[in-house]
Each structure stands twice: as C-alpha cells, then as structure tokens.
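Hey, can you work out the whole structure from these sequences and the hints?
There are 2 protein chains.
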Amino acid sequence: MILPRERCVELVSSGSELLDGRRLNTHARLLGGELERLGLRLVRDTTVPDDSAAMRETILSALQRVDLLFITGGLGPTSDDITREVVAEIASRKIVMHEPTREKNNEWLKRRNRTPNESFDRHALIVEGAAVLSNRAGLAPGERIELDGKTIVLLPGPPHELRAILDDHVIPWLRSCIGGDLPLCRSFRFCGTGESDIAMRLASAGFSEVGLEVAYCARPGDVELRLIASPSAREKFDQAIALVRKIFPSEIYSETAGEEIPLELVIGNLLREKKLTLATAESCTGGLIGHRITNVSGSSDYFRGGCVSYSNKIKIAQLGVAPETLAKFGAVSEAVAREMAEGVRRVFGADIGLSTTGIAGPTGGTAEKPVGLVFIAVADARGTVVREMRTGGEREYIKTVSAQSVFDLLRRRLCDLA
Amino acid sequence: MILPRERCVELVSSGSELLDGRRLNTHARLLGGELERLGLRLVRDTTVPDDSAAMRETILSALQRVDLLFITGGLGPTSDDITREVVAEIASRKIVMHEPTREKNNEWLKRRNRTPNESFDRHALIVEGAAVLSNRAGLAPGERIELDGKTIVLLPGPPHELRAILDDHVIPWLRSCIGGDLPLCRSFRFCGTGESDIAMRLASAGFSEVGLEVAYCARPGDVELRLIASPSAREKFDQAIALVRKIFPSEIYSETAGEEIPLELVIGNLLREKKLTLATAESCTGGLIGHRITNVSGSSDYFRGGCVSYSNKIKIAQLGVAPETLAKFGAVSEAVAREMAEGVRRVFGADIGLSTTGIAGPTGGTAEKPVGLVFIAVADARGTVVREMRTGGEREYIKTVSAQSVFDLLRRRLCDLA
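Protein chains in written order, with this note's numbering: chain V, 1 to 418; chain D, 1001 to 1418.
Because the hints were derived from the structure by calculation, they are not lab data.
We treat Cβ as the ideally placed atom computed from N, Cα and C, and that holds for glycine.
Heads up, a few of these hints could be off.
When the alpha-carbon atoms are kept at most 30 Å apart in a straight line, the in silico BS3-like pairs for lysine-lysine are as follows [claimed, not checked]:
| # | chain 1 | residue 1 | chain 2 | residue 2 |
| --- | --- | --- | --- | --- |
| 1 | D | K1313 | V | K274 |
| 2 | V | K246 | D | K1110 |
| 3 | V | K313 | D | K1110 |
| 4 | V | K369 | D | K1110 |
| 5 | V | K246 | V | K275 |
| 6 | D | K1274 | D | K1246 |
Computed from the model, here is a short list of chain V residues facing chain D with C-beta under 7 Å [what the hints assert, rightly or not]:
| # | residue |
| --- | --- |
| 7 | L24 |
| 8 | L38 |
| 9 | L42 |
| 10 | D301 |
Right, here's the structure in full:
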C-alpha cells in the first residue's frame, strides 16, 4: 500500500482504560470508516495510557510521518486528562480558558442545580490559537491546531461526543480541504463462501488485482470483499465489479459503496418489498435470530414473533412437532427442523417460518451428531427447504454461523435461488 | 505510571480492516484485561495496516521498549496476511510448513467435503523454530518466538481464536514465567447503580483509596468497580472488600478475582441451585434475553424456552394476554408486562416467567410513552413483580439495558431481595 502523504492520517488514542481491559477502543473504526469515504486513509492508531512521556513521544513520531493527526481522549476535567497539556508543550503554546465554552458549561450546570468549581472549568481549557470545535453532546470541545504546516485535531474520548464533533466540524472541514475526486469503493458481502474459496474462484476466472486494492474481511459466517480504485481507473473498476457479479451470481448478499448492510436488514427489505411476514422457531440459536431481526428499526412491520423451543416438550406443545418425529429422528434432525419451521409458520400465522436446531456444545455431542451439527429450515407457501450444516468452534460462534446461514437460506428463498 | 520494564507488554494489531472502518479492534481490551490480572500491563497498542514496511518499523520500535511483544492478525491464507513473513525477516529465519497443523486442517476440510489447495495450506506455515500454539477454534495456530532475549507471540486476529489460544497456551505460559506474587485484584459488578453514585456512597462511608488502585468501568446497564493492590497490602485490601460488601449488600451481582461473570451466568447458577425452571416472554428485547440465557452452556437444564411476542396478536394467542388489557393500557404497560410474565410461566410450564415490553425506538414514542419506556416483570409461585424503567439512547442500548434489568430483577427475586 503506497499512498501519497497527503492522503495519510494517523490517530493517537489516549486512555489507560483502553489498555487494561475496561473499555473497547472504538475510535479507529469510526474515524477510519469516515476517512475512507473521503479518500483519506487512517494508516496507524497508537493507543497509549494517560502518561505524558508516552504521549509526547507518540505524537512527535506520528508528526514525522503524516501531516494530519487526530488525538482522542484526555480532554476531561480530572488529573489523568493530560492531552491538551502535552500538545501545548509540543507546540510551545499556552493553555487558555475558552470563555464561550465556560459559559455554556455553566449554563448546563445551572440547569442541573449544581455549582461550578475549578475542576469543572477545566473542560473549557484549550491550546492557545486553536480553532474550537463545539461539542453538542458533551462538555469538552474539540480543537484544531495548526503547527508548522501540520494539523492536529483533538477530540473527546466518549464515542457519542466524538461522533457529534466529527459530523458537525471535522467531516465538513475535510470535505472543504479535499474538493472533488473521491475514490471508487465497492464492498461485496458473502455468507457461506469462504475467503480462500472466493480468492481461488476469482483467480481462476482471470481476475487481476493490478490497479485495484483488494481486501477481504472474514467474520463468523460472513466475508467481505472490498475493491478500491482511484477515480482515474474507472474502467478497470467497472470491469472488476462486473466480473465479481458474474462469478458469484447467488452468493453475494449485499453490494454497497463501502457501508455495511447486515444480512438481517437485507432480509427485512426483501420481506417488506414482497409484503411477507416472518416467524421464527429457534432451538440452538436460543433467541439470537429474533434479536438480530429486531435490531432493525421497523421490523415489527414484517416480524410476527417467534418461539424459542429449548426443550422437546415446547417443540411439541408450542410448535406442533410430532412426538413420533422427535422419538424417531431426535431433536437435531432434518425432520424436526422441517416441522419446527412449518409449525411456527402455521401457529404464528406468518407467510414464512424459519427454524434452527443443532448442537451448540460444548457438551451434548455424539459421534453421529457432533457439536456443530445444525439443521436450518425455511417454510413458505411453496414448501420447505432444509439444509444440514457442520461447523466447528465455540458455542457463540456456532450460534452466530447458524443465524447467518438461516438468514442466507431465507434470502435465497426470497430471491428464488433456493 | 512508572513500571519496571519486565511488567510492560506491547501489542501490535495488524490488519487494514481495523483502520478502514470494517472491523472493531477488540484485541487490546481482551489482552489488556488478561495481562492486568497477571500483574503485567499493556502499555501500548499500535494498529497498523497490512503493510510490511509499517509492520517492520512498528515491531522493531516496540522491541526497543519492551521484552514481550504480542502481534495479532495476518496469519490467514490470503496475500494480505503478511505477519509471519515480516517476523521471519526480522528474526532472519525461514518460513516452514508445520505438518501436524497441515494434517489437522486437511482433516477439517475433509469433514466438509472440500479439497486442500495451496492457498489453504498457508494456514499451517510458521516461522522456523517457533513454539506452535495450537488453535482449537480455527485454522492458523499461534506462534511463540524467542529472539535475543525477547519474546514475540503471534496470534490470529479473529477474537474467538485469539481467546482460545490465550486460554490454552498464553496465560498458562505467562503464569509459569511469573511464578507467585500476583497482584490482589477484586472486581465487583453492579446493575442499576451508576458509577458516580457508587463513588459517592463509598466516599461518604469513609472508603480510602490510599494504597489501592481503584478503577470504574461503565457499560450499558452495568458498572464494574475494580480494586487492585500489591500482595504486601493484603490487610488494606481485605478491609476495602469488606467495606464495599457492607455498603452494597443487594446491588452487587458478582464478585470475582477479576474475571467477568455475566449476569446470565449468575442467574443460571441460582436457578440450577434452586432447581427452578425459567421461560421468557420478550417484546422489545426481541430475543436478546433468550440469546443471552442460552449463551451459557448447560442452560437447557433450567431454560424451557420463550416466546418473542412482537405483535399484539401473538401476545394474545401465545401468552394469553387479555385483549381488554391491551385495549385499555396498551402493549407497553405494567398490566401487559404482568400478564406476559404470568402467561409464559403458565403456557411453558415453568417455575418462573419473565417479560419485557417497551419502546426501543427510534420511532413509536409519544409524549406519554416515550422511547426508552420499558416494563419488566418476573412471575413466580409467590406472585409477580413489575418494574417501570425510563432510559435513553439508541435501540440496541435500550434492548441491552432492558435485558440487564430484568436479569437483575430475577436475581433479586431469587435471592429474596425483590
């Protein structure tokens, strides 16, 4: 990856809580995704504790490599919030009070019947000469500091405050600096086709990576293939897209300009478009499928509900699975998956029923029915399709892959591909 | 923060997907938390793209500061997986095939009726002389490489694989290196009590932080209070623990030596101990509660199953909620939460029924019933308790806090605290 220096950006994430297990660092993903869409690239994120020597060294070293540096965290009122002090020292500037921010924060206190104090006022301290990036979601503003032809942007650590200042100030400012000429980006998502399988099939079809950036990202039951090209390589980019579509006509569940569309949203859109309703019968997934479907706002338009039938008794009483089927084939079987999907469709009065039954482990496996054996089914007015899956891994992994797979089976069924 | 060099550890997280918005870097939190419990400290995490020059520079620079370096990611089969090549070059070693891993991976393929290929075999390549850390959760093993008195540990990027190799190999190895003298660590977890509330109540009770490290970490519906002390401060540490227990007799849902025990496991243990069974009726949580209960291995011992009643029709037909109750109070009401919990308990033949009904948003709120209004209920042989909650935030946040809160209500009920 060789990029012109003006496209490269670094991030320094400060905060001891990011390094001792207490908190997840979400800054790099958020900032990285936004920069990517602007044709810029986050080339490094260095997470350091609240330690001024480590911060100083990291900042100086980053400024040797890039001209635009973001620093998150350490703008709060407590003694371990040291970012502005370290940056002021590097820039040989004073720390000054930003009166408009102090007044705004005092108003905030007043509304809560609390009195200002010195520690609280620290929120409004800035590096002298910085452009202040007001914070509608919190108390400490962001700051943009120009220093010897380089720019340092200071942003607060809480993710919703970071998000607000990015949207209000940073992205508009970057857009105005960049002008036109955004890069070409295409993201394809697959379920049930492995990373190496995709790479092999592309290679055999004569897919050439010359002039393109090609990246894969694998998650449980999910692979992303991303193509990026410069605006001048439009023809090459379009050819590559056409070839990918041709090789994988049924495997791709989403194609976007870079943003992520989860499979449950793809399915939700298909159900809404086709005016169909859905009900779920979950055994090994235990509720995960319903949870994911209902993460989509507006899912009540097509989702009737579901039954988590974690015991045979419930499969019989709530879903109408025949006791003889359970006795003859066992709960983890093609026949039971079929009856569960058909049962929930009937009982919940939905157009489509789906089901999962399997062995999520780590216990309960046998030689004949090992951990990771899962049957998934989709029942609709045309009949019922059932698939047998064999996967490995831990309990949550098996649940995740099972949910992904039954979503994909449903997608294929809705698109007449299964 | 001044620490002896032998306690300091660095991490290099490799993967362009961690910097372009595709994936969240969870490595630092996972590794940082584990190191903390061993008395070691993660002092830096540098995330770099799949770029050999940047990786080389970062690794060499880290090795100047610390003697133990972890590198995650880049051990997969594709052309952007370059970690082992970069490390081999730094160590002036060859890359060799690890035959036992290749055979294990080929078995894995065979079970899936797929044939090996050259790209797939790359999973089994290692740096010559490395100790192989077998990977029960995936295909590429970890590697431990000794180099000029320093140790480099290579680990795969997928979090469940990283977790497995940490548990199976890395933590036992670190324990054997460290010997005795682990720091004293105690973690208290709260649901429904805020961070600043805990701090205030501790301060009023005369809790002194002298000689202790005290850290808080707040997540949706969950606060951790962590106390750390050196082994020589045992008396002070024990006094602090006794005081915390005394101030919060009913609020603490778990007390551990640092590891996380999720609320669903606490509840599972209580249900098993008391030989009680559970069924769930979920509206706004959509399946999340069932999902979390069934993340606990062995939950089929006490979890009968549940109903995701995402429409009024299902609440009536499946749970026996009275149409008049729905008409009079609306689906999001104390009365409906009560009838849902009692209904699922009766219909599923369980000892305890629990329920959630609320407005997860972002749409569907009114002035009287705003987004974030949720009713939770627990019904058992002694009767039914219902609680009204008002929270803010986004859809997934509201679902998470609702699930936490009904779990905590159930915990209190099982412990005769509600």
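So, going through the hints one by one against the coordinates:
{"no.": "1", "hint": "D:K1313 / V:K274", "in the structure": "22 Å, holds"}
{"no.": "2", "hint": "V:K246 / D:K1110", "in the structure": "28 Å, holds"}
{"no.": "3", "hint": "V:K313 / D:K1110", "in the structure": "36 Å, violated"}
{"no.": "4", "hint": "V:K369 / D:K1110", "in the structure": "17 Å, holds"}
{"no.": "5", "hint": "V:K246 / V:K275", "in the structure": "29 Å, holds"}
{"no.": "6", "hint": "D:K1274 / D:K1246", "in the structure": "25 Å, holds"}
{"no.": "7", "hint": "L24", "in the structure": "5 Å, holds"}
{"no.": "8", "hint": "L38", "in the structure": "11 Å, violated"}
{"no.": "9", "hint": "L42", "in the structure": "4 Å, holds"}
{"no.": "10", "hint": "D301", "in the structure": "10 Å, violated"}
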